[in-house]
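The whole structure should be built from the sequences, with the hints applied where relevant.
Residue numbering for the sequence shown is 1 to 187, as defined by the numbering used here.
Hints listed in this document are in silico derivations from the structure and should not be mistaken for laboratory results. Backbone N, C-alpha and C fix where the C-beta goes; we use that ideal spot for every residue, glycine too. Among the hints, erroneous ones may be present.
Estimated spans, in silico, between C-beta atoms of each pair [stated by the list, open to error]:
| id | residue 1 | residue 2 | range |
| --- | --- | --- | --- |
| 1 | V3 | S109 | 31 to 39 Å |
| 2 | E5 | S109 | 24 to 32 Å |
| 3 | G179 | I2 | 32 to 40 Å |
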Amino acid sequence: TIVPEIMIPLVAVVEELRTLRANAVAVCEEVMSRYGVTVNYLIGTMIELPRAALVADEIAREAEFFSFGTNDLTQTTFGLSRDDAGKFLPLYVEKGVLQEDPFVSIDQSGVGQLVKIGCEKGRSTRANLKIGICGEHGGDPASVIFCHQVGLDYVSCSPFRVPIARLAAAHAALQESLGSDQATRTV
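Printed below as a string of structure tokens:
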């Protein structure tokens, strides 16, 4: 059975999601009534703002799933535009200011901690909350492994990155089941 998921972007406060959720439910009910059908659906949100990650326990009262928009979360956490970042981030990496471009591989100590906090807080309210990420990080092996370690349920990425993401997810699962030292020797 297919269960459509309606995802509301850029939520910062639970009241905002509550209002938008009510609007979405009203539209869904109207459409189902008009066509005489019943469709089970879920309403969730994108976690793209640092504030949303920090109050994820509140947001989870209204959201049936989370998807971390890590491109925007990186942008809002670092306070820089992706459009402008390409002009100076390569120099930051070259000079050692940053180890990697945070738009390519998730910044585990900053953005990653917001993801971890958001997961923990969201699931403290709704234990079965489905959580994943969408964005280019979903196709980066180090980011996929990090997502597995913090307990995300899925990653989403560009189609051409799917094979890499699947391999990284398998590697993360293997590391977990065998222990990281043995998994590294096996792969």
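So does V3 sit 31 to 39 Å from S109, Cβ to Cβ?
-> Since V3 and S109 have Cβ atoms about 36 Å apart, the given range 31 to 39 Å holds.
Cβ distance range 24 to 32 Å for E5 and S109, holds or violated = holds, 30 Å
Assessment of proposed distance window 32 to 40 Å (beta carbons of G179, I2) = About 38 Å separates the Cβ atoms of G179 and I2, which means 32 to 40 Å holds.
In summary, the structure agrees with every hint in the numbered list given earlier.
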